[in-house]
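K.L.:
Given the coordinates of chain A, work out where chain B should sit on it, guided by the hints.
Protein chains: 2
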Amino acid sequence: MFKTYVGPVESEDNVAYLRPETAQAIFAQFKNVLETSRQKVPFGIAQIGKAFRNEVTPRNFTFRSREFEQMELEFFIKPDEAVEAISGSVAAPTSKEHPGEPQTDWGWQLWHQYWVEERIKFYEGIGLPRTTLVEYWQKAEELAHYARATVDILFKFPFSKRDEKGELMGEELEGVAARSDFDLSQHARFAGKPMGVFDEELRAGWAKLPKEKQDDLWRRYYENRKKYLTKMGVEAEAASKQATEDANGLVKGQYVPHVIEPSAGVDRLTLALICNAYSEVIETDAKGKSETRVILKFHPRVAPIKAGVMPLLKNKPELVKKAREVRDLLRPWMNVFYDDAGSIGRRYARQDEAGTPFCVTIDFDTLGEKPELLDTVTLRHRDDGRQDRVKISELLTLLLEKIR
Amino acid sequence: MFKTYVGPVESEDNVAYLRPETAQAIFAQFKNVLETSRQKVPFGIAQIGKAFRNEVTPRNFTFRSREFEQMELEFFIKPDEAVEAISGSVAAPTSKEHPGEPQTDWGWQLWHQYWVEERIKFYEGIGLPRTTLVEYWQKAEELAHYARATVDILFKFPFSKRDEKGELMGEELEGVAARSDFDLSQHARFAGKPMGVFDEELRAGWAKLPKEKQDDLWRRYYENRKKYLTKMGVEAEAASKQATEDANGLVKGQYVPHVIEPSAGVDRLTLALICNAYSEVIETDAKGKSETRVILKFHPRVAPIKAGVMPLLKNKPELVKKAREVRDLLRPWMNVFYDDAGSIGRRYARQDEAGTPFCVTIDFDTLGEKPELLDTVTLRHRDDGRQDRVKISELLTLLLEKIR
Chain A
14 MFKTYVGPVE SEDNVAYLRP ETAQAIFAQF KNVLETSRQK VPFGIAQIGK
64 AFRNEVTPRN FTFRSREFEQ MELEFFIKPD EAVEAISGSV AAPTSKEHPG
114 EPQTDWGWQL WHQYWVEERI KFYEGIGLPR TTLVEYWQKA EELAHYARAT
164 VDILFKFPFS KRDEKGELMG EELEGVAARS DFDLSQHARF AGKPMGVFDE
214 ELRAGWAKLP KEKQDDLWRR YYENRKKYLT KMGVEAEAAS KQATEDANGL
264 VKGQYVPHVI EPSAGVDRLT LALICNAYSE VIETDAKGKS ETRVILKFHP
314 RVAPIKAGVM PLLKNKPELV KKAREVRDLL RPWMNVFYDD AGSIGRRYAR
364 QDEAGTPFCV TIDFDTLGEK PELLDTVTLR HRDDGRQDRV KISELLTLLL
414 EKIR
Chain B
14 MFKTYVGPVE SEDNVAYLRP ETAQAIFAQF KNVLETSRQK VPFGIAQIGK
64 AFRNEVTPRN FTFRSREFEQ MELEFFIKPD EAVEAISGSV AAPTSKEHPG
114 EPQTDWGWQL WHQYWVEERI KFYEGIGLPR TTLVEYWQKA EELAHYARAT
164 VDILFKFPFS KRDEKGELMG EELEGVAARS DFDLSQHARF AGKPMGVFDE
214 ELRAGWAKLP KEKQDDLWRR YYENRKKYLT KMGVEAEAAS KQATEDANGL
264 VKGQYVPHVI EPSAGVDRLT LALICNAYSE VIETDAKGKS ETRVILKFHP
314 RVAPIKAGVM PLLKNKPELV KKAREVRDLL RPWMNVFYDD AGSIGRRYAR
364 QDEAGTPFCV TIDFDTLGEK PELLDTVTLR HRDDGRQDRV KISELLTLLL
414 EKIR
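Read top to bottom, the protein sequences are chains A and B.
Okay, so the first sequence: first residue is 14 according to the working numbering, each after it adds one.
Okay, so the second sequence: first residue is 14 according to the working numbering, each after it adds one.
Any given hint could be a false lead.
All copies of an identical chain are treated as equivalent in the list; a pair is satisfied when it fits inside any one copy or across any two copies.
Lysine-lysine pairs mimicking BS3-like chemistry, simulated, CA-CA at most 30 angstroms apart [as the list claims (entries may be wrong)]:
| # | residue 1 | residue 2 |
| --- | --- | --- |
| 1 | K44 | K327 |
| 2 | K302 | K226 |
| 3 | K63 | K16 |
| 4 | K329 | K221 |
| 5 | K53 | K239 |
| 6 | K53 | K329 |
| 7 | K335 | K383 |
| 8 | K134 | K335 |
| 9 | K226 | K169 |
| 10 | K327 | K221 |
| 11 | K63 | K44 |
| 12 | K134 | K334 |
| 13 | K265 | K334 |
Read the hints as simulated data drawn from the structure, not as lab findings.
Extracted from the complex, chain A is given alone in its bound form (with noise of 0.2 angstroms):
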């Protein structure tokens, strides 16, 4: 970690460390978040925000670097003992696949696979192929103490290690970790404040169960609270006597939540976006001499300039109004570049180059040339160069919901 001093003084009193991880804050605001946002459990509090960590080999471009932003998720669920007082049993995983919609019957293991499902769900949405991913489950052996499952997506880097198959092995983005109430647990025992809920379902729910199933609920709680207090180095007869008030609470609808958590890596995530967007194609021009040209073949929900505005010529005023027009009707909603430098083609280039989606171009049809297209403008593909004519009044709309 990176040790600095706060306050004029540079005593052991004003040590300070940057966060090598941006998980905490969450936690240690958990019961503000839930006092003032009206939530119930299950629901998740995301932070996007910077760690450093003081590594010795930073390396891979921006794979591994000092200075990084992160972007976590920390989704609270109810401990599987109340989802089974409360819906009579808890659902179990029935295949790899995205178990869909959230139902109340779930427990931990269908919320983790939720979530893995629903990330990997997310970097396909943002043009990164399931082919290029890897979901890794960690062995037993790997898993952190805390954590009852972790998920890693990886992606498949050109920097990436090869298995004996030849295949990248890929490198992790992302972490979807399991990790009971550990986290919530550690502050309220280190913070000496309560982490717990009130969770009215439960305390109606458990009212109603028949004294057995109460009494085998109870012990299992019970037992579970005394693990993890023991395995924290908690003295027997003391876990034992806070476990016994846990599991008290249990029965009055009272829990600390579980967390599931996304962690993710912003950079690397970037990283992986430019590789896979980057791609060559080799033109050969009408005298036979071949160029390679550079496309970055962005999603257009990340593609930093989502449309290019273009008049065909620069010299002839009603071109450029018009051109300006669009631009303008365009710019308040998206990033939008104006260019009007050059043929219509190295104009076109350049955009691929830069990972632009879409080219809009004035032409004399615009004006009304042909009368038919008045008021309509090219728009013109990366991928495949593709050219529709589109009405202006429709342009704003079409693009919106491409990049949104």
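P.N.:
The following block gives chain B in isolation, referenced to the frame of chain A:
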């Protein structure tokens, strides 16, 4: 500043400081951005990011803190001598108003005035009326040594000091400085990398000037460069030699751009927005009981939640279904809060307190109880409680126009 060490050893070789401002990265990367983005002077580079200052007395909530977010624009312009060579003369400011669309004959004074007024327009555009702002022109003796003019834009915080008339004096949100060519020149000198640009317009314009004018501009540019170098401690002879080289460069279309820098604190601005939005109303119910309600009157552009979506009753499945459809219609485009708990009046009041500018209510008319109102909703406005009837098919466009 905050001091730390990079790498495993805490030696003087490994000392690093957390950046106390974000601007320098823009200057260091100036040539890189210029060469890859196909921009010509005048153009700007904007940046937002964290900065850190080891303040001895952080105070006034988030007004002065040790870690803060800055947003800055370095807007690069031609030196006045280049403008004069190209346009024949440099336009003089004629009033204190916004000078309108940029013109090629603007020198640093009009560009500075332009950015001061643009920045005030920005603050007005997110809901801070001009009456809450103070435009403070720094006096000659207050200016930093490199600055030709600096305007501070202040906001009248409730904790600001008052002048002898009892008026709030305001605290700085932003400074807009005309920094001459100081920054790029310093980077050029200490990094040993040229930071000048080549300007084809200047080269072409210069060639057409009468000899007398050329000599006059050469001399003035020479004097300005020499003054800068001497001030920076360069010896007279070396300064003369360097200034001669620089002025000879001007003849060929080369110069170091000057800069106008609007630099603002994001946390301060957020605090200003909250202070400005906070208002209370006293409401008296039918029984004569008074209650104070808080309304956060955020401009729709900056309100954290844009719309509350509410079925009139939560136990009517048709209302709930329709309300969820409306929520799903809006949610890809804006932050929406779905609320079905409590009376509709209480739900409105909760959104008022969170600063949500619009509430959308789905009632029996939405379902067609009055056939002419089928698929319309109530749109309720936070600040005056006004209620309009709006078609669901027109809702998204209407709200997007208000929040963009």
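K.L.:
A separate judgement is required for each hint: does it hold in the structure or not?
P.N.:
A quick look at each hint next to the structure:
1. K44 - K327: between (60 angstroms within a copy, 27 angstroms between copies)
2. K302 - K226: neither (80 angstroms within a copy, 49 angstroms between copies)
3. K63 - K16: Both: 16 angstroms inside a chain and 18 angstroms across chains, each within 30 angstroms.
4. K329 - K221: Close across copies (26 angstroms), not inside one copy (80 angstroms); limit 30 angstroms.
5. K53 - K239: Only inside one copy: K53 and K239 sit 26 angstroms apart there, 67 angstroms across copies, limit 30 angstroms.
6. K53 - K329: For K53 and K329, the Cα distance is within 30 angstroms only across copies (22 angstroms; inside one copy 61 angstroms).
7. K335 - K383: within (16 angstroms within a copy, 45 angstroms between copies)
8. K134 - K335: between (40 angstroms within a copy, 27 angstroms between copies)
9. K226 - K169: neither (48 angstroms within a copy, 62 angstroms between copies)
10. K327 - K221: between (78 angstroms within a copy, 25 angstroms between copies)
11. K63 - K44: both (23 angstroms within a copy, 26 angstroms between copies)
12. K134 - K334: So K134 and K334 pass the 30 angstroms test across copies only (25 angstroms; inside, 42 angstroms).
13. K265 - K334: neither (70 angstroms within a copy, 33 angstroms between copies)
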